[in-house]
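K.L.:
Sequence:
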Amino acid sequence: MGASGAPRATRARPATRAHRARPPRPALSPAAAPSLPRPLADGVDPAPRSPPGVIACTFPGRRHERRCAPHEVPCRDGGCRARRHRPRRRPAVRDVGRSSAAARGPPRGRGRRRRGAAPVSGADSLCDLDLQGVAEAIARREVTSVEATEAYLRRIERHDAVLRAWVTVTADQALAQAKAADQALAQGRRPGPLHGVPIGLKDLIAVAGVRMTAGSRVLADHVPAHDAHVTERLRAAGAVLLGKLAMHEFAFGRPTNDGPLATGRNPWDVAREPGGSSSGSAVAVAAGLCAGALGSDTGGSIRGPAARCNLVGLKPTYGLVSRHGVVPMCWSLDHVGPMTRTVRDTAAMLQAIAGRDPRDPSTRAAPSPVPSYAALLEAGVRGTRLGVLRRYYMEWTGLHDDARAAALAAFDELRRQGAILEDVDVPSLDLAPAAWSAFLAEMYDYHRDTYRKDRESYREGTRIRLMMGALVAAPDLVRAQRIRARLARELRSVLDRVDALVFPGLATPALRFDEISTRELMPAGARHTTPWNLVGLPAVAVPCGASREGLPLSIQIVGRAFDEPTVLRIARAYERATDWHRRRPDPAGWRLS
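The sequence shown begins at 8 in the working numbering and counts up one residue at a time.
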């Protein structure tokens, strides 16, 4: 995995425009510079930084630096009143969405039928459309890719000072890509359904020449020399890359909004966490700061944030999507996947990134050619057999009442659509979270040398998990592997009888920041996500309701290995019958008290 090369040199790079656009980094501790395994140290020199306290603005039409309080993301006009700092006026983007009604949450704990439902709530704007809506508007020439990109950049500038979804916004590069996409379309070329669509990447996915921190001060100055495989695939599909999104430190730290590498706030309630570790990806898509995003999932890091932010999040089958150029957490558990507003959007993004890659041996088992994930989306679920893990999930006392009610309503809706639901049991699920924690040994092995040299650059929650990984003994790891094999056997037997499994996507709605412990090793909700990383099966989170407080709830659907078409078909059938995915958070609430 990862780009190859020698350790980073100390020679300075020329201050090109792309490097000037990068904002200042937090200083490392006085310890020696990190020397992490690949792909973290890949021979790229750190880029020169602006002087302390000087922000290099990257938004279109701005070529100045101004002195203000240091922060990690591009300046968002926070307190700056200089005329030259204000955004240039642009032609208004044409309305390409449905007319909207006043924001009105659906009934608590129940799925709502789409027929006769109110249209999309919230502002009727380009940024409120789903990914396919933006792509279709661009394809029909109702809006250009440049106009769409500028609309997202303006929205980022207006709201991200509070939401903290973005670490680096590469505005100049994005606008250049958008212009190229428009020129290609004018010449009759459209490489795929993502053509000209603005996309964000979790900040552990390499983009050549763009700083990649993995949410940590340890990599504050790391600039990869090469694109990750998924970055290459998105470029080939014509996507516009807006920049890098916030995340929990190295994909296993705890949420924080202190300092320049904040992990983001939930757009449904900015006093609450959005889930992690792909926190910025979820926040950006839910808030309309990009049309879609990529995240990574080692123990629920795509599905958890998607569930808490009213999104669709897919953890593909292990080996379907290459992890080359992605900072690892645990090699045997890591997955890369899409986070979007709808199942159709997820299928489109998966189509772009799935497939074999000789640089990642885990992809050897991936189907070739890649099947069409959109072909069967609308086929419905009549006659489809679904297994309900009632004992392990529905009867668990830790499941929030609202989450249980929403899941039961979703099961009823699937029955109305013609699915056949039956209770199933997988005894080894009880041992799965404990077995998953033994794989923290992989995580510690990756960070061992750097952690010994510079442990103070890691945050407290990350240090605790690294120490736990260091304490995993060889017999513990062997037992965990045996549990993993037993769980896989039991699930194969169950999935011979049913087409997929369905259960609540999360244990509780999003928590307030002051309710989260930085010392907690294994959150209670890990039982909803970690088993499916252990066995590598495809799992998708789909919006299914709202709590008493109006917070998103979710169901999760798990299928057979490499059977993403069935998993997405079931998810789409439920989505098409309900309106939960059409809810949008209200930007009026994006203020700090």
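Don't read these hints as lab results, they were simulated from the structure. There's no promise every hint is true.
[Unchecked claim] Quick list of simulated restraints, FRET-style, between CB atoms: (1) 462 with 196: 46 to 52 Å; (2) 521 with 459: 44 to 50 Å; (3) 583 with 432: 27 to 33 Å; (4) 383 with 499: 18 to 24 Å; (5) 132 with 500: 23 to 29 Å; (6) 583 with 132: 40 to 46 Å; (7) 423 with 264: 27 to 33 Å; (8) 432 with 492: 52 to 58 Å; (9) 485 with 377: 45 to 51 Å; (10) 456 with 405: 33 to 39 Å; (11) 165 with 264: 15 to 21 Å; (12) 365 with 520: 21 to 27 Å; (13) 377 with 132: 29 to 35 Å; (14) 408 with 196: 30 to 36 Å.
The C-beta atom is built at its ideal place from N, Cα and C for all residues, glycine as well.
K.L.:
Decide, hint by hint, whether the structure agrees.
P.N.:
Hint by hint, here is what the structure shows:
1. 462 with 196: 46 to 52 Å: holds (51 Å)
2. 521 with 459: 44 to 50 Å: With a Cβ separation near 33 Å, residue 521 and residue 459 fall outside 44 to 50 Å, so the hint is violated.
3. 583 with 432: 27 to 33 Å: About 30 Å separates the Cβ atoms of residue 583 and residue 432, which means 27 to 33 Å holds.
4. 383 with 499: 18 to 24 Å: holds (23 Å)
5. 132 with 500: 23 to 29 Å: violated (49 Å)
6. 583 with 132: 40 to 46 Å: violated (24 Å)
7. 423 with 264: 27 to 33 Å: violated (42 Å)
8. 432 with 492: 52 to 58 Å: For residue 432 and residue 492 the Cβ distance comes to about 18 Å; the hint is violated.
9. 485 with 377: 45 to 51 Å: For residue 485 and residue 377 the Cβ distance comes to about 36 Å; the hint is violated.
10. 456 with 405: 33 to 39 Å: holds (38 Å)
11. 165 with 264: 15 to 21 Å: Given range 15 to 21 Å: holds, Cβ gap about 19 Å.
12. 365 with 520: 21 to 27 Å: Violated, since residue 365 and residue 520 (Cβ atoms, about 43 Å apart) do not stay within the stated range.
13. 377 with 132: 29 to 35 Å: holds (33 Å)
14. 408 with 196: 30 to 36 Å: violated (53 Å)
Of the numbered hints listed earlier, those contradicted by the structure are 2, 5, 6, 7, 8, 9, 12, 14.
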